[in-house]
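Start from the sequences and build out the full structure, keeping to the hints where you can.
From first to last, the protein sequence lines stand for chains X and P. If you count by our numbering, then the first sequence holds residues 1 to 276, one letter each, in order. If you count by our numbering, then the second sequence holds residues 1001 to 1435, one letter each, in order.
Fair warning: there could be bad hints in the mix.
A partial selection of chain X residues facing chain P, derived with a Cβ cut-off under 7 Å [as the list claims (entries may be wrong)]:
(1) E53
(2) Q62
(3) P75
(4) A153
Keep in mind that the hints were calculated from the coordinates and are not lab data. Predicted, not measured: the structure shown is a model, and the values here were computed from it. Cβ atoms here follow ideal geometry from the backbone N, Cα and C, with glycine treated the same way.
Residue strings, one per chain:
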Amino acid sequence: MTRSEIRAAFDDGPALVSYVAAGDPSADATKEYVEALVDGGTDVVELGLPFSEPVAEGTTIQNAIKRALEAGMTPEAYLDLVRDLDVDVPIVCMTYYNLIYQYGDEAGPEEFVAAAADAGISGFVVPDLPVNESEPMYEACREHGLDLIFIVAPTTTPERLESMLDRTTGFVYVQGRLGTTGARDEVSENTPEALERLQDANVPKAVGFGISSGEQAREVVASGADGVIVGSAYVDIIADGVENDLPTEEVADRLEALAAELKAGARKGLPEPERK
Amino acid sequence: MSEESKRTTGAQSETRAGKFGEYGGQYVPEVLMPAVEELADAYERYVLDNEDGFVDDFRQRIREFGGRPTPLSHAENLSERYGFDVYLKREDLLHGGAHKLNNALGQVLLAKYMGKERIVAETGAGQHGTATAMACAYLDMPCEIYMGRTDVNRQRPNVFRMRIHDAEVNPVDVGSGTLKEAINETMRDWATNVEDTHYVIGSVVGPHPFPAMVRDFQSVISEEMREQSRDQLGQLPEAVVACAGGGSNTMGAFASFVGSARLAGAPEGSQEPAPDVDLLAVEAGGSSLGVDKAEGYAPNSASLSTGTEGVLHGARTKLLQTEEGQIVESHSVSAGLDYAGVGPELAYLVDEGRVEPVNVDDDAALEAFHRLSREEGIIPALESSHAVAYLEEYEGDGPVVVNVSGRGDKDLDTVIEESAARDIAGAPTMEVFEE
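Quick look at the structure:
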């Protein structure tokens, strides 16, 4: 198999994977925010397609999804937004399985994966699709050359880890702590252990769930991660913008600044000789 | 339903992966998968194989604490009205006033056998939350209940009952503040505390093994129905009628006749398929059928009759959803039926032609509430009133067994208010008592 674009995004040092919910608070704003995140040093954009029942999300992203749905975000509008984005980094679609399953005329993942590939999506993260239910999605992604990224949880058993790694391309998403998404003040003490378990994996390892500052990004990379995934910390900035009616450019500037801080922090996590 | 399709559907045990045909499965975040697998293993060992005498213990406790068996009552006045024999399976007489305890007691006891130290559960109207709180008090387990803010406000007495049993009640403020948000939030708690916590899901929904396991705990209903029918009627009923929201009382009333019940220790022959017994699942027709796609709202909860296939809360099943796959807000005058999904086994049995989905609207359910109260001296839950209402449309010769899944004391405020507002036939006047 050819090396994926997503995997290549990890080639130049620790990668920053940045999440926002599409359409929060509007598709136009999301376009500016994503471009700002990339200007700030984001290597992979994880763009959420909002689903009405986001069971894996904490309050911050639940509220973002609610704002996006109320503003009218749909799978079609999402694909239009992806086509419209002017960025040169890979975009991962993060959504729940029912939206993928319902898209198009026939039930099943095939049509949405095809449409997403056509719009410029490079891979998927589907939090409610564990590896044992992933066969049809995996086949569809393979057919269209997309990566299906699995989440490895602190509770994942060795047997499950093995079957996930068999199907993982792009990168492996390491869930840094139990529970749901959401910014935290400290890196979970389980992170080094979680990475240890994956040291033989032949794909890059990115850690998410709870990372919100450059210092945390440094710590996670120093523990052996190849990248950090950040979502809620950006969404907090977007929510603040909505609450205080801030101009889109001002919110975009703050997002870019946070991305730059996270990226710089991640670089500092590397041992001196490896820094670029 | 053709005779042939009935005959070809025999015992339909789910596979190990928990599939009922294409329905069911385990669509949950990875963080929960090991707990779900551990539970599936415990389900097989304790519930199916009676390891450590678990099922004996459960059966003894549901008798001595729960009050089983519940009676099968001949409804003489209704039988006269309809011209065929009507029997009522009296789950309203189970401890707590509804069938919910069968499952709550079974799961809390199982959690103890598994060495879990904490229970979480969702609740809509509060019946499952109350049953879980009762079972936790009885079995000495810490208990936290998630309940949507809207439901907390409209079901105060049940909130107080849970608190009195020493359960924590956590209001959920997200979304419409009803059952599906409460399920989402309980899954999030479980994902955070998965190592020592068991999630007592309240219906035959969720990832495998929940739909099968909840069915089996509830199957004591149909197990008794079969025995009692033989003793009291001298035959099996022509039809069993049960209301269907998520479907736990429905599967409890149907499982032994379908042949899918697998709870250990059942009387000989009581789990063999009985294909000649018609099984009618009565859904909440609300104010009208269908989904308002533009508004993302369904004025009903008829997912078996009108829903489309999709994935929600861990299982593939029939759902009320938009064409894009967003889950819509459902509606029923009965809070316990107000859910956009339904158990995967019911979805499968409907596709197979073994279960016939029918529905009655809010007004018909309210009329049936008053009819049963007036004619038989039994106040049914608004949920169960849907099943009772279907007798008005039933065209067979009987005998018919209706599952009265719960008692209606909890619904009195709603019923008085709604009956006056809708001018429901047969409702007593309350005006003279108002201040």
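Hint-by-hint comparison with the structure:
The closest approach between the C-beta of E53/X and any C-beta of chain P is roughly 6 Å, which is under the 7 Å cut-off, so the hint is satisfied. For Q62/X, the suggested interface contact is upheld, since its CB lies about 6 Å from the closest CB of chain P, less than 7 Å. The beta carbon of P75/X comes within 6 Å of a beta carbon in chain P, closer than 7 Å, and the hint placing it at the interface holds. The interface hint given for A153/X holds, since its Cβ lies 4 Å from the closest Cβ of chain P, which is under the 7 Å cut-off.
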